[in-house]
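Novice: Letter by letter, the chains look like this.
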Amino acid sequence: MTVFLQYLVNGLSMGSVYAIIALGYTMVYGIAKMLNFAHGDVIMIGAYISFCVTSYLGLPAVVSVLAAVVVCTVLGILIERLAYKPLRQAGPLAVLITAIGVSYFLQNAAQLIWGATPKNFTSIVSFQVPAFLKAYNVSAVSLVTVVACLVIMAALMWFTGKTKMGKAMRACSEDKAAAQLMGINVNRTISMTFAIGSALAAIAGVLLCSYSPVLQPTTGSMPGIKAFTAAVFGGIGSIPGAFVGGILLGIIEAMAQAYISTSLANSIVFAVLIVVLLVKPAGLFGKYVPEKV
Amino acid sequence: MPQFLKNKKTRHDFVTYGLVILAFIVVSFMQANHMIPRMIAGQLVPICAYIVMAISLNLVVGVAGDLSLGHAGFMSVGAYTGIVAAMSLAEAVPNDGIRLVIALLVGAASAALAGFIIGIPVLRLSGDYLAIVTLAFGEIIKEVVTCLIVGVDERGIHALFNLTGKLTVDDLGLTETGFAIIKGAQGAAGTETISSFFAGFLLVMVALVVVLNLVRSRTGRAILAVRDNRIAAESVGISTTKYRMIAFVVSAALAGAAGALFGNSFSQLSATKFDFNMSILILVFVVLGGLGNMRGSIVAAAVLTILPEALRQFSDYRMLVYAIVLIIVMIATNNDTLKNLISRVLPKRTSLEEEVRADA
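Protein chains in written order, with this note's numbering: chain A, 76 to 368; chain B, 282 to 641.
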């Protein structure tokens with residue numbers, strides 16, 4: 076039983092990281108309707124910034140997280156302005172290939188700046204966990220990750236539900252032309268969404284690397300793809316969906332690694348996704364929109 | 282002019298065949314006179330494999346309109362079954378050429394089977410959901426292949442599925458004359474490199490003939506109708522699933538043959554080669570070459586494979602330059618303002634949509 080709970084804790088903490096990334100993904104997808112493959116690489120940049128601030132400048136962890144958030148937010152807005160905005164009217168494939176180009180660019184830029192050798196990331200949190208929790212493999216990082224994930228989800232629910240900007244975002248994701256006619260500045264709203272998504276990516280990057288400390292230019296790609304899977308799993312565009320999808324994906328992955336096979340863990344995660352999409356084509360929490368003539 | 286060449290589309294296809302044959306003759310001539318740098322000469326067979334991959338993916342993405350992000354998976358299936366076929370027949374069929382043809386056929390058949398099985402669930406979806414599920418299948422195939430251990434001796438082919446990661450080649454229980462072909466995570470090692478540039482050229486021609494004839498046929502018109510408007514196509518009695526499936530399976534078979542060609546051109550090949558990045562690489566060829574435009578796919582696949590090799594002197598910066606070029610090309614060809622600007626400079630250029638329609 077203890078062993079099972081330990082695996083569950085592992086799954087929950089990894090799942091929370093996926094959930095944070097998936098929340099960013101789902102926000103961007105909901106409004107821009109694009110598979111932003113560069114999202115995973117923004118995570119990696121965030122982790123590198125945090126690494127530099129703590130290791131080279133010797134500043135405290137909180138400052139490094141703030142620096143990562145600021146840099147990634149600016150980066151997200153820049154990417155949107157330079158690469159995606161000129162393609163607002165273009166087809167989805169053109170945008171997809173551009174996103175892949177941005178992803179290559181970020182990975183190779185990171186390799187030029189920081190080199191291909193993996194950096195050893197020191198965890199940003201290091202407080203003592205009570206002994207009874209430690210028995211279940213609960214680490215400081217996993218506690219912080221789960222709490223951060225819950226706080227972020229609640230904040231996003233409040234933001235999209237109650238604030239003026241959040242309402243504008245929902246309007247834009249429903250119908251951009253109609254939103255514009257209602258006096259919403261669509262371009263600013265999209266920029267704002269990318270800013271939020273990238274800020275979340277920065278936080279996720281720091282937490283991801285605190286959890287598994289190997290930091291290299293490709294660190295973000297696989298978690299990025301998995302988090303996207305999580306977002307689709309929960310119903311893309313839905314905030315609670317991304318949260319539940321992320322947590323479930325983390326738990327399924329941990330259980331598959333523990334009880335079936337380490338080398339097939341990703342396959343099992345993807346197989347579950349396929350089954351879910353066949354039974355519920357719009358994901359667990361997604362709205363099914365029938366095709367109209 | 283013969284009767285069949287009066288059709289503009291047929292003429293267009295024959296020009297494509299002619300250009301490919303011409304390119305083959307020129308490259309062979311250059312090769313015979315040692316005019317090709319060694320770096321690129323080694324890439325000739327992979328380039329042929331990439332060209333076939335681009336043509337086959339273009340059938341799914343450009344002609345059938347389904348975005349597939351897992352095409353490397355079919356290449357992987359074809360590569361490994363092709364390697365096993367070629368290696369296990371080493372004694373029975375001593376002729377390299379015939380053995381390669383058998384390997385290509387085996388690779389194509391097994392990839393087509395995989396395409397059919399995967400197509401059943403995948404083609405129930407569309408759009409981004411279809412894309413993410415093909416991505417998922419691509420990753421699954423990659424991991425499953427990583428778990429395979431295959432060997433051959435005089436009693437036949439032996440295979441193990443290495444679920445726990447603890448099994449090794451010794452667990453196959455091969456006799457003394459037997460040898461391992463696929464060694465799990467290490468991939469295939471010690472493969473005889475029987476692929477040749479001529480075989481690659483023939484495969485490109487076969488792929489072109491198959492795809493162009495399919496597109497021009499009644500079936501091809503049905504596939505185009507499904508791409509352009511699924512509901513309208515359904516309302517005139519076209520079975521959308523059936524025609525998308527035809528495109529998907531033909532494409533998978535060609536990808537499998539390309540994989541077999543690719544696999545048999547390297548002495549060492551690990552399964553991680555056929556990952557998500559490979560699928561994306563092929564998709565970039567297709568999109569930059571033009572959706573539905575087979576000639577464009579061929580040019581893009583060849584140029585974009587040679588370009589990074591040619592840029593090797595800028596070693597560290599070449600992928601960065603590649604990424605920037607990719608973004609700029611996408612923006613320049615898809616942004617309305619820029620497109621108008623270009624059309625003012627080159628007034629007679631047809632728009633991209635018209636090109637797609639004319640070529641497809």
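Note that these hints are calculated values from the structure, not bench results. Treat the hints with care, as some may be off.
Said to hold, decoys possible - Each computed DSS-like pair below joins lysine-lysine, with the alpha-carbon atoms no more than 27 Å apart:
1. A/K194 - B/K554
2. B/K523 - A/K355
3. B/K554 - A/K108
4. A/K160 - B/K620
5. A/K251 - B/K523
6. A/K237 - A/K362
As the list claims (entries may be wrong) - Just some of the chain A residues that point at chain B, by a computed CB distance under 8 Å:
7. L168
8. V351
9. L353
Here a beta-carbon is modelled for each residue, glycine too, at the ideal position from N, C-alpha and C.
Novice: None of the hints should be skipped; say for each whether it holds.
Specialist: Hint check:
| no. | hint | in the structure |
| --- | --- | --- |
| 1 | A/K194 - B/K554 | 24 Å, holds |
| 2 | B/K523 - A/K355 | 22 Å, holds |
| 3 | B/K554 - A/K108 | 30 Å, violated |
| 4 | A/K160 - B/K620 | 15 Å, holds |
| 5 | A/K251 - B/K523 | 35 Å, violated |
| 6 | A/K237 - A/K362 | 21 Å, holds |
| 7 | L168 | 6 Å, holds |
| 8 | V351 | 10 Å, violated |
| 9 | L353 | 5 Å, holds |
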